[in-house]
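Undergrad: Protein sequence lines, in the order shown, are assigned to chains B and S.
Sequential numbering of the first sequence, starting at 1, is according to this note's numbering.
Sequential numbering of the second sequence, starting at 1, is according to this note's numbering.
No lab work stands behind these hints, which were simulated from the structure alone.
Computed from a prediction, not measured in an experiment: that's the story for all the values here.
Treat the hints with care, as some may be off.
Here are the computed lysine-lysine pairs in the DSS-like style, where the Cα-Cα straight-line distance is at most 30 Å [claimed, not checked]:
(1) S/K13 - B/K322
(2) S/K127 - S/K100
(3) S/K95 - B/K189
With the Cβ distance kept under 7 Å, some of the chain S side facing chain B (calculated, not the full set) [claimed, not checked]:
(4) I10
(5) Q11
(6) Y15
(7) F28
(8) E140
(9) N150
We put the beta carbon where it would ideally sit given N, CA and C, even for glycine.
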Amino acid sequence: MFEWKRFNCSSLINRSEIPVVSLDDLRDDITNKVRLEDKRVLAFFGVKREEDTILYIVLGDDTISRLFIASAIFTKDIISYRSFTPEVPSLHLFEREFYEETGILPAGHPWLKPVRYGKSHRAVTGEMENYPFYSMDGEEVHEVAVGPVHAGVIEPGHFRFMCHGENVYHLEIQLGYQHRGIEKILIDKTNSASGKKIFFPQIAEKIAGDSAVAHTSVYAGVMEVLTGTAVTQKVMIIRTICLELERAAVHIGDLSAIFNDVGFLMGSSTFAALRTLIINTTLQICGSRFGMGLICAGGVNFDIGSELASKILNNVNYVQNKIEKLIPLTMLDQPSVLTRLEGTGTIDSHTARLIGMVGPAARASGVPIDIRTDYPSGMYRQYPARKVVLEKGDVFSRSYIRYVEMMHSFNYIKEQLGIIQGVQGARASSEITNRLPADSLALSMTEGWRGEIVHIAVTDSQNKLIRYKIKDPSFNNWWGLALAVRNNGVSDFPLCNKSFNLSYCGHDL
Amino acid sequence: MINLIRTRIIQGKQYISDIRKAEVKPPFRGFPFIKNNCSGCGQCIEACPSGAIEISPAEIDLGKCTFCGECERRCLDNGIEFSVLHKISADSREKLKITKDLGFQEFRYRAIIARKEIKKLFGRSLKLRSVSAGGCNGCEMELNACSNVNFDMGRFGIEIVASPKHADGIIITGPITENMTRALYDSYLCTTPDRILILMGACAISGGVFQAGSELNRDFISEYKPDLYIPGCPVHPLTFINGIIDFLGKK
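Only chain B is shown next, with the shape it has when bound in the complex:
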């Protein structure tokens, strides 16, 4: 067997240190590490080098906070390899993505459905409109097609339900409508920049607008590692406060949406109004309700002074008190709400682990993974976050975990506000002007409200960025949603969907 290159989150790696191994060795070793040692796949992507393709694989060991990387080379005459997915099911989507982007066929993959139908990948994917969906035949069997334009104001995606009466046998999800090619735009912008400005937080903010702070802090993390830019403690505190505000705001908003989907409008309007207070607090910090414009290279654009800190504290206390009073009166006191939530859309912990689910959805199914505590960085190193794990994995668990997590977020924000006074240096002193290092790879990640966000940048020998890989938690979890609705009523789909609340553009990028 071979030695993987061990590294930490947020460390710069020279690409020559990454072992290059044969595909068979790689497959055997990954299978062992995932099955027997409980490691997880964090990234699996290809990088073009002239006519060859280099495959990079990153595994994570949650118990010891270590990452492992290895690579394999496909020379141009290799057009196929034996798929890893039959041994390691959580790789299924990564391999589909790899196939779509490189055209190298993972032979024996159980379901090579295109992931995004990008214009530039038409040769592999074919036209989106001709995609052959699964279908079902028989008496009292029917199909329901929904989307890409939905009844609510949400992003586009297509859902095809195969039903027997009201019972869903299978849900096939078709995504790709949101594909904007954001990874390529980031690379092109960075490489064509005049050398003065190579940092584009305004693009990273739009990877998924509902996770703007999370994605942009990870992007900043990668660029800061690449250019060796130090970040002050105050910057870390402000970024963390805004990240936790984002988490709390979306969790409140999701409870509101879940109440809306069970027809409990009182609960829905109450929580929507409370979310407004939290996002308006973010606006008071940085001028945007979604935290856009907050993060700059090596810093933040807005300081939190003592006056603003006490405003934030007041708002957080106010909302926290209200939620503490309201959850027992609304969610937990209403039998008509509970009957819809409990036992609906269950994912057991074995399945969640097998398919590689992440974030609160995984934690609600008893899979204890949270980047904040497993790979702590920034403020989470000194001030550990609380990891919440529930067991049942139904819609109720995925809703209740949001309530518990937002309460921890409020406490965390209050703790950070307590230490922010007396810490100096928020605004970055200068733009990142350093050139990128040659032949390097940098990885950064954090726990967004939806789960783990991983960004990886790879540079070539000419100091150019050749790959910027973004993995949104939605990428891991969409398949979980498809499995959750099996053997549930069609009418429970909106509930299952909202309890996951996955990003379309984060998946389609």
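Chain S: place on chain B using the hints.
TA: Positioned in the frame of chain B, the structure of chain S alone reads:
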């Protein structure tokens, strides 16, 4: 039942009583003022992530602007100043281009000329359908917020409906991806023949930070003339609601 009444009491009054007069607090970035002291250093052009700025003559295109404030911070002459003024919608692309010394009153005076037939047809009830075509979920969530208990757009008879077949017009969010073009055409053509087209956010109006993207297809915008442009990134609910009210010629 008692608990629901208690919930109602705890919630209290949430709605913004006067949407027309409501203000957004700093450091919100709305209408930008370009002052007359530009020395042409070009810092702003380099800073702008979406190419919204020109310096000879000085001009900021609100249709491209992401309101990140980078130009304001980098300008060596303090020549750009974003204000909290949020009523920045306009009925043509040209009017979104803010020039040197353009005052807010002057911008507002010509930004939206309310059309008589629009007021007559839709003044008391306007039903719209949203189509997200590559939107990052920022504008989508703000559009949802327009209908929540705080902003309560429904009080003006403006509502987002579930199907384009029930709608008087379409709101587009996002830079319009190739993969959404067909669904966008279908949705648009399903609405009533006197349809209205509204572009919401920098992405929809110009492509925003995605302008150079090879996965976009913006033919739709050149084919059909938009009636209303609502800038922002994402659009603030007050910008959206006030833009529509102005468009409908309401007081």
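Undergrad: Hint by hint, which ones does the structure fall short of?
TA: Result: hints 2 and 6 break, sorted rising.
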